[in-house]
Amino acid sequence: MNSSNAVIMEARDLKRHYRRGSEIVKAVDGIDLDIHGGEMISILGPSGSGKTTLIHLLSCLDSPTEGTLSVMGTPVAGLTEDQLTGIRRGTLGFVFQKFYLLPTLTVAENVELPLMFYRQPVSRAATMEILRMVGLEDRASHLPKELSGGQMQRVAIARALIVRPKILIADEPTGNLDSENGHAIFELFRSLVREHGITVLVTTHNLALGYQADRIVTLQDGRVLQEEKGPKAYQQVH
Amino acid sequence: MRFVSLAYKNLFRRPVRFGLTVAGIALAVAVAVSLAGFNIGYQEAIERSIDRLGFQVMIMAKGCPYEAATMMLKGGTGLLYLPSETYETVKADPNIQSITPVFIGIAEKEITSIRDDSGSAYAIVAGVEVDSYREMKPWLDFETEKGFEGGRWFDENSEDELVMGYEAATYEQRKVGDTFMATIWPNGRVDPLVKQFRIVGVLKRTGTQDDGTVYLPLKAAQKFFNRPDELTILGIKLEEFSGSKLQEFESRWLKLPEVQVVSLEQVKGTLVMLIGTAQAMIAAVAVIAIVVAIIGVINTILMSVYERTGEIGIMKAIGAFRGDIFQLIWLETLAVCILGALAGSVLAMVGSSLVEVAIKALIDIGVSGSIVTITWDILAWAIAGALVIGFFAGLYPAWRAASMMPIDAIREGIG
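These protein sequence lines map, in sequence, to chains A and B. Just so we're aligned: 91 in the numbering used here is position 91 of the first sequence, and the numbers increase by one with no gaps anywhere. So the mapping is simple: the numbering used here equals the position in the second sequence, first residue as 1, plus 1000.
Do not take every clue at face value.
[What the hints assert, rightly or not] Derived SDA-like pairs (lysine to any residue); straight-line CA-CA distance at most 25 Å:
| # | chain 1 | residue 1 | chain 2 | residue 2 |
| --- | --- | --- | --- | --- |
| 1 | A | Lys98 | B | Phe1321 |
| 2 | B | Lys1009 | A | Lys166 |
| 3 | A | Lys98 | B | Phe1012 |
| 4 | A | Lys98 | A | Arg139 |
| 5 | B | Lys1237 | B | Val1190 |
| 6 | B | Lys1237 | B | Gln1043 |
| 7 | B | Lys1137 | B | Tyr1008 |
| 8 | A | Lys145 | B | Lys1062 |
| 9 | B | Lys1009 | B | Tyr1396 |
| 10 | B | Lys1062 | B | Ser1084 |
| 11 | A | Lys145 | B | Pro1015 |
| 12 | A | Lys15 | B | Ser1251 |
| 13 | A | Lys166 | B | Arg1322 |
Quick caveat, the hints were computed from the structure, so don't treat them as lab data. What you are looking at is a predicted structure, and each value in this text was computed from that prediction instead of being measured.
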């Protein structure tokens, strides 16, 4: 295994249980998962299967109740909120179903927002390069309200990419998009993996999109139901 | 992109709500600035008016000394008189630098007035001895603009010449050489005396009650009011004006029956005290306005934080530390307060003349001239105060935002 497909995220017996009234909900209930550099993984499953909870754990946005998780070789159990932020910085990029673009900022300013938190100087040339990558170089000075849903999601992806993350985590990124835009976003993810070696971890309800990944992990009741190789599985479905 | 510019841009996401919040702060600051300007301006106006009386001490008939002093400043009725011989007696005091006798009466002028509103019906008539009066008020001079040329003081023995203050003349549209008719009710007589005078001079504006006064020779005024041996006040300047010298002077002359000695320093203090109640009420309104504005700011910023819960979660997810979120929200609060303070300062400066008119309409302030003085110091304090308010008002919303767990914030934002 070369360095590009070394394990960069490792989850062992990962659990996330929480109480809802008198009931204990086992949202994630003992998942083992290795994520390699430069691969695209889809996490599939019905509503309530634990996709979002798992991805929040892998994103270091939530803490497991049991099990271990290491990101780039660093165990994250027991870290404070600011320490987890430190882990996320420069390693993880995020895209969510809702785009959460700041309405008063232009496309370019939205993309550059993470750099403000990183205290890094802004290079408009670098911003334009990222916008070119997502096909929005001609929308840099537009406000979000002037964009379509697909374009807004591309801005959100550009915002995640501006800090050159090693892993791009996308939770239902096509949930608010039509089929055409959904396919385009997944094609963009594939090109990021192929051309830039970025690892993409994505959850989706859409099987056709999900099966475009290199690896498909299907969850049920907080556990891994099956794990498949992508393109082969994709061909079997179609 | 800097935190300051992001905070500034965030404010305009809800322009109406933001505008109303800034307006609340602006109103509170404008009230506070106007109040402070009134405090300073009114003190200055009292001092200016009293200094321009020219006296340090007055001797007058016993009664309410402050009513008499106020009458000297702004006119009024209910005059008391002291015997003329008091003047001759007190004049010999070795501590007196200069002394002038003044007789004051109120005359009706409606017969000749071109105005018919009741406010113009009376004129304050001051009978003065020109030489001693001018020594007391050396700044008095005659107006020389067109129509007022050739002004002079009346002959001391004249009974038909008078001098008018600038406002009295312009209000009646009188110029040098014109006539002025007055109806005087002589003391102890039933029938009024209708008298025609010739205006021999109009004084330059002084910004004091002198501007609204009509001057007659002392003896003529005493005669027309049928009080030939009476005076209203003796205006006095002492050789040395200090607390101890004043006390000595008072103790010497309080032995005279029916006489009181009033220091104009005391009058200043009393006038300031009289207006203190009104100032306290205005201050209470200002404090209430400030408290309401603070609550408004906290409410607005908190609403803004809750509306942006998901956005705050995303900011944390993409690399913002707790301190970054705190800083952002706190800067937004400060920006609201600073913009409010600037708007309020401008409002106070522009509206100070309206405030002055309103105060004068509501309260009998007892002085003439401007009573609201807005200084750069007041404005600097107002802006500093707004910064302090913003500092504290922003703490809670900023803490709430910074304390949101990113995952909870994202979940709530999605919901």
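Earlier hints that do not hold, by number: Violated hints: 2, 5, 7, 8 and 12; rest satisfied.
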